[in-house]
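A.B. asks: Given the sequences, and given the hints that come with them, work out the whole structure.
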Amino acid sequence: MQQFTQLVKILSNSTKTNEKLEALRQYFATAAERDKPWVLALFSGRRPRRTVNSAQLKSWCIQAAGLPEWLFEECYHTVGDLAETIALLLPETPARLSSHPLHYWLEKLMALEKATEAEKQQFIQAAWQELDTGERFVFNKLITGGFRIGVSQQMMVNALAQAYGIPPATLSHMISGNWDPRHTSLETLLHENHGSADISKPYPFYLAYALEGEPATLGPPGDWAAEWKWDGIRGQLVKREGQLFVWSRGEELITEKFPEYAPLRDALPDGTVIDGEILTWANDFPLPFQALQTRIGRKNVTRKQLQEAPVVFLSYDLLEWQGRDIRDTPLEQRRQLLEQLVEQAQNPALRLSPLVTFDNWEQLAQLRQQSREKGSEGLMLKKRSSAYQVGRKRGDWWKWKIDPFTIDAVMIYAQKGHGRRADLYTDYTFAVRDGEQLVPFTKAYSGLTDKEISEVDAWVKRNSLEKFGPVRTVKPGLVFEIAFEGIAASKRHKSGVALRFPRMHRWRRDKTAQEINTLADLQQLLQQYKG
Amino acid sequence: MPVLQFTDKGIYCAAGDFYIDPWQPVQRAVVTHAHSDHARWGHRHYLCQQDSVPLLQLRLGADISVQGIPFGEAVYYNGVRISLHPAGHMVGSAQVRVQQGSEIWVVSGDYKVENDGLSGQFEPLPCQVFITECTFGLPIYNWQPQGIIFSSIREWIQENQRAGKHSILLAYSLGKAQRLLYNLADAVPRFYVHGAINAAHQVLLANGHPLPPVHYITPDTPKADLKDGLIIAPPSAAGTAWMRRFLPYALGVCSGWMQVRGHMRRRNADAGFALSDHADWPGLLQAVKATGAEQVYTTHGFSSAFARYLQENGIAAEEVRTAFGQEEEEV
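Chains as they are written, first to last, in UniProt numbering: chain A, 1 to 531; chain B, 1 to 331.
Derived from the structure by calculation, the hints contain no laboratory data.
Glycine residues also receive a C-beta, built at the ideal position from the N, C-alpha and C atoms.
Check before you lean on any hint, since a few could be wrong.
As the list claims (entries may be wrong) - Here chain B is said to cover these stretches of chain A; the calculated rule only asks that three of the stretch's residues, wherever they fall, bring their Cβ under 8 Å from a Cβ of chain B:
| id | region |
| --- | --- |
| 1 | 13-25 |
| 2 | 81-91 |
As the list claims (entries may be wrong) - Cβ-Cβ distance ranges computed for the label pairs, FRET-style:
| id | chain 1 | residue 1 | chain 2 | residue 2 | range |
| --- | --- | --- | --- | --- | --- |
| 3 | B | E159 | A | L207 | 36 to 42 Å |
| 4 | B | P282 | A | A489 | 51 to 57 Å |
| 5 | B | T218 | A | A126 | 35 to 41 Å |
| 6 | B | F6 | A | R249 | 54 to 60 Å |
| 7 | B | P282 | A | L112 | 29 to 35 Å |
| 8 | B | Q202 | A | L67 | 42 to 48 Å |
What the hints assert, rightly or not - Here are the simulated DMTMM-like cross-link-like pairs (lysine to aspartate or glutamate), alpha carbons at most 25 Å apart as the crow flies:
| id | chain 1 | residue 1 | chain 2 | residue 2 |
| --- | --- | --- | --- | --- |
| 9 | A | K451 | B | E155 |
| 10 | A | K461 | B | E319 |
| 11 | A | K16 | B | E155 |
| 12 | A | K16 | B | D228 |
| 13 | A | K461 | B | E318 |
| 14 | A | K399 | A | D427 |
| 15 | B | K227 | A | E19 |
C.D. replies: Structural data, given as structure tokens:
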């Protein structure tokens, strides 16, 4: 556990990619064999299921530290991280007693699944007594999950690639898919032949950067293919050995959530992997993202949901054909094969993402203006000769999104942030005007510079009404331009609308709360673009 | 009439007609220590502990009217007895004990209960009313003894040397910087300091405080000389062009705020050392209890949380708003 705690410390403190990479490389080169697959799992979103929840941890900490609950809450809002708050509040232990390795703790935690509450409490409190403050923090993180400490999956892949002398793209594929860190060693994972052990394995996704300049900088338009950019869940359909698997971009296996895709098992030949977008779709038109949200996070899909939010797979690309990895074949040829395949499948749940044809960049720029009417967020530009690469890369693929919607709104609540933003008011709620009333309609967390954040933070501290608890009601004084990508009707929100990707576009220091937009303005946008 | 009252100019003693650490210009100011949120410009007359006098003159001008007294010695204003007692916060920092008849009030100023070797040992003063700071008034703030923190700073410096990097510590220029110099004198052959630290340092040296010599960094300081030295700079130097000359370097921040990872990550530092000149949670509780006060007023920091905790533990406590804590808190 000490070695892993040290690793976490370096990774979360360091601001330099090279230092982090080196710490990871060294870890994988020297750590205990049984710990390694766990670290890989933790940093690639394969954390085991929680057996103890946050409320339990909190109440056991309060008990062990002998503090009133309100004081625990105050501390939590200041620290902005539950695992860290608990590690700081627990009474100090006299001496280090434990030298158990990481996998010991993780396996013990998993084994608690069927334990009673009292057994869980006893185990957790005993563990706290055995560990020092740094280890307690890591131990708590193992439970609460989300090791957000500035390690991307790509960084870990690169470190492993260095430690084992395997090209990153190959390695990335090796560690994808379904495996259990309890029973899989890193050696097995890295030495098996592609796909032989795990037929569900998807390919790493190729992601695009946003185009910053004009497309004319990309060269002759004839070299490029364009298609609409859809706002769903990026996914891969994998059909091998008579079985169908659906993966999301977050490398989550979500086959069961979308029964619409089940017939594709028979419709697609073995040895097929298609990249595309999971989208709710009705009458030849995508439904707003909120419709898809009703389908995510549910184990059992109801008949009503299947009718109201039917899902299709909009195909972009073909990665495996007749059991062969064809990612290096030029896009143009992959697209031809994809078109044949979709044609042959003859299934309403499998569609092609249509190409947008254009002769010159001006024409494409005009077509892009129709994005919203098409229910899309803009265009994707892909070089016809491009290979399907690994991860986010510049050069061959670009996203060219339309300008966002904007609304001027006033801040009415502020809340402290988490992690790097702990103890700073960084999460804000905004309102528009409705006559004399202010109606909250969205929260936003991003878009301000560090300097602006500290200015807003100081302002909130001077202009807030309450002293305790996480949320401060503030004087409606600060006006921001809120940008967002989409708008949909919502019964759950007082304003009647829900926004897609809201963020602070600009601080309108030149405007007062009297000059902000109104609820009627939002409703008009909703009518215009409700899809 | 209470012995002390909270006014919009500062903490005021009507019977003695003086203020303690006032933030608006007044006739007579009793000043706890030389930090700028406590020792402000523009008062007609200053009273402070004698070691604070040269620091006040440095910061506010040599021409101020100031009287310095030793710890424990009494001064009377209109029959009100005033004495100053060690607060342990920095050189010359004092608590102010005010006695009118049999009633005793104590204003803590900024303080820490651990003896750092340079600032004196905090003295618990029995009183009826205690006005305490609580910059770090939450139980997450629980300092390690400074011996342990300084060992990890020493290790960090050695590690940087092995990696061929300069070590830069960011520390508040008056107080924290001297605490580092004093406690690391045996581990570091040469100290290099930023101009902001040098000015106060020269004044303290001239007044006989036991500090090691320092080198003031100028554009002509040869880079080769820095190799086995330690560079100390104020937090405001972070991210400025001034720092670039030290590349490659590792940056460490010395501040109580470093107790929380989020604060540390915001600073883009390579290391954070939770070394504070303020009392931690156990220190605050210990200090409050030792006074035996019936009434406690909490000022800057987590004052509402600390007051509520004291109330729930049977001590009458109330939060008061002051203008303190604006200078160092961000450090």
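A.B. asks: Next, verify each hint and record whether it holds.
C.D. replies: Each hint tested on the structure:
1. A count of 3 residues in the region 13-25 of chain A with a Cβ less than 8 Å from any Cβ of chain B is obtained; the coverage claim is therefore met, three being the minimum.
2. Only residues whose beta carbon comes within less than 8 Å of a beta carbon in chain B count, and the region 81-91 of chain A has 5; three or more means the coverage holds.
3. Checked against the hint of 36 to 42 Å, the C-beta distance between B/E159 and A/L207 comes to roughly 37 Å, which is consistent with it.
4. For B/P282 and A/A489, the hinted distance range of 51 to 57 Å is satisfied, since their beta carbons lie about 54 Å from each other.
5. The supplied range of 35 to 41 Å is broken by B/T218 and A/A126, whose beta-carbon atoms lie about 58 Å from each other.
6. Between B/F6 and A/R249 the C-beta distance comes to about 58 Å, which sits within the given range of 54 to 60 Å.
7. For B/P282 and A/L112, the Cβ-Cβ distance of about 33 Å falls inside the hinted range of 29 to 35 Å, so the restraint holds.
8. In this structure the supplied range 42 to 48 Å holds for B/Q202 paired with A/L67, their Cβ-Cβ distance being about 46 Å.
9. Only pairs whose Cα atoms come within 25 Å are accepted, and A/K451 paired with B/E155 is rejected, the gap being roughly 33 Å.
10. For the hint linking A/K461 to B/E319, the alpha-carbon distance of about 16 Å falls within 25 Å, and the restraint holds.
11. With a C-alpha separation of about 21 Å, the suggested pair A/K16 and B/E155 falls inside the 25 Å cut-off, and the hint holds.
12. At roughly 24 Å between alpha-carbon atoms, A/K16 and B/D228 fall within 25 Å of each other, so this suggested pair holds.
13. Distance check on the hinted pair: A/K461 and B/E318 sit about 19 Å apart at the alpha-carbon level, within 25 Å; holds.
14. Restraint check for A/K399 and A/D427: the C-alpha separation of about 28 Å exceeds 25 Å, so the hint is violated.
15. With a C-alpha separation of about 21 Å, the suggested pairing of B/K227 with A/E19 holds against the 25 Å cut-off.
When held up to the earlier numbered hints, the structure conflicts with 5, 9, 14 and fits the remainder.
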